[in-house]
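Protein chains in written order, with the working numbering: chain A, 514 to 908; chain B, 514 to 908; chain C, 514 to 908; chain D, 514 to 908.
Be a bit skeptical, because a hint or two may be false.
Just so you know, same-sequence chains aren't split out, so a pair can sit in one copy or run between any two.
Using 20 Å as the maximum straight-line C-alpha spacing, the simulated SDA-like pairs for lysine to any residue come out as follows [unchecked claim]: (1) 720 / 783; (2) 720 / 782; (3) 720 / 779.
None of these hints come from the bench; they were simulated from the model.
Protein chains: 4
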Amino acid sequence: MTGFRFLTAGESHGPALTVIVEGVPGGLPLGEAQIARDLARRQGGYGRGRRQQIERDFARITGGVRHGTTIGSPIALWIENADHQNANWRVRMSVDPVAEEMERITLLRPGHADLPGTQKYGYADVRPILERSSARETAARVAAGAVARALVGAVGITIHSHTVSIGHVEAEPPAGAIDWEAVEASPVRVADPQAEPRMVAAIDAAKDALDSLGGIFEVRASGVPIGLGSHVQWDRRLDAQIAQAFVSINAVKGVEIGDAFANARRRGSQAQDAILPVSQWPRGERWARGSNHAGGLEGGMSNGQEIVVRGALKPLSTIPSRMPSADLLTGEAAPSFYERSDACVVPAAGVIGEAMLALVLARAVLEKFGGDHIDELRRNCAAYQATVGPREPRP
Amino acid sequence: MTGFRFLTAGESHGPALTVIVEGVPGGLPLGEAQIARDLARRQGGYGRGRRQQIERDFARITGGVRHGTTIGSPIALWIENADHQNANWRVRMSVDPVAEEMERITLLRPGHADLPGTQKYGYADVRPILERSSARETAARVAAGAVARALVGAVGITIHSHTVSIGHVEAEPPAGAIDWEAVEASPVRVADPQAEPRMVAAIDAAKDALDSLGGIFEVRASGVPIGLGSHVQWDRRLDAQIAQAFVSINAVKGVEIGDAFANARRRGSQAQDAILPVSQWPRGERWARGSNHAGGLEGGMSNGQEIVVRGALKPLSTIPSRMPSADLLTGEAAPSFYERSDACVVPAAGVIGEAMLALVLARAVLEKFGGDHIDELRRNCAAYQATVGPREPRP
Amino acid sequence: MTGFRFLTAGESHGPALTVIVEGVPGGLPLGEAQIARDLARRQGGYGRGRRQQIERDFARITGGVRHGTTIGSPIALWIENADHQNANWRVRMSVDPVAEEMERITLLRPGHADLPGTQKYGYADVRPILERSSARETAARVAAGAVARALVGAVGITIHSHTVSIGHVEAEPPAGAIDWEAVEASPVRVADPQAEPRMVAAIDAAKDALDSLGGIFEVRASGVPIGLGSHVQWDRRLDAQIAQAFVSINAVKGVEIGDAFANARRRGSQAQDAILPVSQWPRGERWARGSNHAGGLEGGMSNGQEIVVRGALKPLSTIPSRMPSADLLTGEAAPSFYERSDACVVPAAGVIGEAMLALVLARAVLEKFGGDHIDELRRNCAAYQATVGPREPRP
Amino acid sequence: MTGFRFLTAGESHGPALTVIVEGVPGGLPLGEAQIARDLARRQGGYGRGRRQQIERDFARITGGVRHGTTIGSPIALWIENADHQNANWRVRMSVDPVAEEMERITLLRPGHADLPGTQKYGYADVRPILERSSARETAARVAAGAVARALVGAVGITIHSHTVSIGHVEAEPPAGAIDWEAVEASPVRVADPQAEPRMVAAIDAAKDALDSLGGIFEVRASGVPIGLGSHVQWDRRLDAQIAQAFVSINAVKGVEIGDAFANARRRGSQAQDAILPVSQWPRGERWARGSNHAGGLEGGMSNGQEIVVRGALKPLSTIPSRMPSADLLTGEAAPSFYERSDACVVPAAGVIGEAMLALVLARAVLEKFGGDHIDELRRNCAAYQATVGPREPRP
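So here's chain A without its partners, still in its complex pose:
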């Protein structure tokens, strides 16, 4: 029922996005600048539309933090929508009734919440649906994720992401460690300098064709203690919770942990990550492995290896070349609605994926270690970590 949880609220062109993150221990250093950094990363990436240049998201902390550290209270975040200052939007999205006749949106966009949302909620206008289903909401998640990132950082977990493919262009990331600074510097957040110009070109081509591109992003978490999640009940499996978190991101409809889809083609003897004998463990490591096909998760639990998760993002459905569709009121043929949009958001999706992974790991860390002050959490975690390794039986 309780434990670490978060809720977001707010419409794309309403006054603001609101976030409450519940269950963060006290004593965790947290400031608006940390959150702003991730919000800015989400707004970047080659292929974004005009809105991302106009607005610079900033999450104001309005609860749960005092003098630079959390105090155990729920954390409230408030991200103003710059657009809402615009007089048109203030009327269109007014909380109060307005005198003006409002134009309805009735041209349904396939691929969006437009059709199922209007049917479910009983509307003859897409506006009330698209305002909340817009990917604008992911700014709220990235803000919540920045809090979670700080929390899991306190027990040594770091989280990064990079672009694996955009359209048909696939990156070949290095076999070993990724240079995360280089990824952040890349306009498409790719770890393969060769792929970068081809990705940019693919985005340009799609944009010129009034079209959009999807792709695949990968999120990695290092320093994850062994044993988060559990095999004992279906809804406690960490890999499954991560899958939910990823597919909950707008336009992400597929997810794989480690080499899941490649493994489905391999034989068992090729799909495993041999546990190395103690003599081959790098200094400071325990239970080292020869590979990481499993993406850091076995039996629904973290296994101490890097967690590696990929999300498959479909190309955005709102495209300037308006597609054949139907009208909500009449069912007659009509082109789909187009407001503004991005040609490609794969680089940003990685940042959102980081946030969702951080949020899932934060919950798992608190479930395993408890603790109401960050020192208590750290102490419990350290005491547990000391027990990890080859063991003689308990008496």
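Using the hints provided, position chains B, C and D relative to the given structure of chain A.
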């Protein structure tokens, strides 16, 4: 907190598996034969090991059903483990302390819960972990899923599955409707008669090599009302809940809704499912589409099309050719443990996938329609369905 | 997991209180004025301190409402803390680190969260605890409750409260219907004009003695459909959920449904509410009763009678006559800390109780009837209500 | 979502009660005898009917325990209903359809789930409702509670109960420690030898009058670490969770923590529990208090004092002197239905109250301390306990 939920309990060689399914309305016809049918389907499929031939699972209903229909109470199911009758298992898995010295299992199997489970739970023996992490538990889920299937069936939803690939062998299912009876008759549950013998051969080859094979299965749900799930909060998105449910299945580490991974390579104009004008809707259908790349889910909600979900199953990690691994007590090199196992479980995984999809849909149906007697649920659903379609604005 | 839920955030002297209410259907008329009305009622009552006169709470709606009606999205509310404008508070409760040395509060107040909170969260200062544990947070609940009140109002439920006792002064409310307008006009929100001056005098006397007074308030809900909640699982019982909601109010440590404590002294034959025969039912009513000892709840479900719940409020622990206590840092004897406080908050507690009851009923209504537009909820409710009454068996 | 949780299933005359308790750490000693002890205590007490003498409840452990200790898996319990062996019940409560015409129960019992249950679930027969709403279900809770008791016992918490009043007869328990063995030996579980014969006489008198008696029971938990629960969110308050748990017990409609109702009449200066200076703390204790009006809970958290909770139990509604009521099918006047029943169950209710308190505390302990093996839980708890006490500020 409440709503439709279920828990399972029980170890692989313990006395029994136990299931409680909470939140089922009254008045739903339900009998042990229905559940037995799905349990038998789970035990079938070419490539299964000896255990599946020995045991014939049967779930006894011990609560929540009277005279052939549910009564609104939680439904309790009890699946006896035939193995537990064996004297060895009665000692090894005795609830009470035993006089005998117990042999511990300390040869860690990569790919299983063995390593993270023993570290997390603090054991010097893999037995307490593997008994619960065993895929035996999926029998409990299939039983729970049979209850959910009956429930969603009451509002017209039907759920099927078929095998998409085994190892490198990929089926080419027909473009149109699948002949589900033929799938059930196929030893590998495949909808492509050409692929069947090649799949069987691939399994034989893997078995001969003391190895195992994974693959991809697909689950489809028809008759799903438009508007299950919601776009308004991350954890209410139906696609994400389905992703969690699928990845929670043992050995499933990847999932895609519709053509997720293929869509990630397409342009936006190619990835969409055009909404057809009213003149082209087949009789009795509303908001018909020209394709189903989205797999029946848009904006986190069902869109009235067939729901199509694929799960990527890794090859089982317990293989007769014991793999290099390490010993739990010492960290020294050791071959991995082998009890008995299956060479390929992809056909069974489809059945488990059906169960998980049914469970997720049952929750979503009850959340949208409420109702405590199945007639009330049906009435609410029918009244809603009557509102689906082109609409003139509410006054 | 999902369904109707709400979270609040914010400290007493921080920038604001934040509320997110999730799961409200679309189409519900809602405006800031409605919420302001309940917020003002919470701030009233004889015996309140200075802060209530200074501040006039106002909840700004920043999400989930457009043009005067809800749109199915989570509803975000934002209540600014007027106090935070004060320069001292802006420093003391600054989110960012401050240069000034902060004075710590170390004089523990018995009866508050001070002691357990500092121990649990690991603080050497009470400030981080008392800022969140302050009853200021109940403003957020009353705002959330106003949303819930609107929601349950849509199916005909109305909720009121009145003061039953203050200190030793007990009201004798009329046996029949209560004149709620008169209650609202009373400075102590009492339904007994004789008791009113004695209650006022008791508060004055306590204030003069630098002391405080508690009391008992009663909340009633009329028009509740029969059959909310359920007997089938412990956590679905509506009476138990109401008990949790009431005891979750600051300073409320006891609760009774109907005549619970008096019934504990009666014999079974005296404690029941006879079901009247159909001939004696008032027009439009079904299953009328001769009395309401049960307070509208039987078997964990609403029975169609008025729901009647009483909360026992202890006298506020922060009193001007500082009490013997101990210092947090040293454990040495010290008088307890006193900031400002109220002499009596029983009248306000009734308003908070209304909010909590509304929130519990909103969840129960949505669980029973489902529905994503308020018309769908109403339609499902009406169709169910038509089935209530004597019945011939289903075939 | 996850964390410590439990579900029960089963009807009063069905084959069995089933319990699943999820989230228990591994390594906890647990056996059927422990559970049987509490089940027997629940069946005792002067004033119980014939059924309690006939049946001797026994919970078989069928999951989650191996060789006398828990293994981290969900714990499954199975309590057979002896009554179900009876041929009549096997037909009346058959899971499968039966050939016989079944007699329906249509005489509604006021005070029970009969009326709201049949209306809610849409039945023309009370049987499907009363079988689950029967207090028989509390056997399942007591079994679950025995598991929770073992768990909280591992961190030093002990839980007892005694009878405070039966009808008009009130016990005067000693001011100091209660002799729990004497309570267990008392037929009415009372801590006041003077009251005992008067309570027995009151029960006899009620029984002779074909009537029933309720009363008040008190549950106490000692050794509770300071800081369980939290003030930060309404649903994390431990006192409120306890209130829910108590009112969820059949026939309990009121609850108070400590002196809640007496405190509502006191002034603030009289209602508090002064924190004693360090010089007056008994050896080994920290933050000792001069009294315990608060019942061990302040600000929604345990404060290290004994937790004291009282439940008000109404007299059982099923009484041999059948009450005026109405018929479910026709609404015509009819006497209420009488199967068999108990004249007084207050002594048993205390045992059920212990179980519910244990279950709430188990969840709170795991939330605060985490831990997957009981040693890890204990280690985290001990490390925290070492920080409790007067403190110099963290740097």
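Outcome of the hint check:
no.: 1; hint: 720 / 783; result: between (41 Å within a copy, 14 Å between copies)
no.: 2; hint: 720 / 782; result: between (45 Å within a copy, 12 Å between copies)
no.: 3; hint: 720 / 779; result: between (38 Å within a copy, 14 Å between copies)
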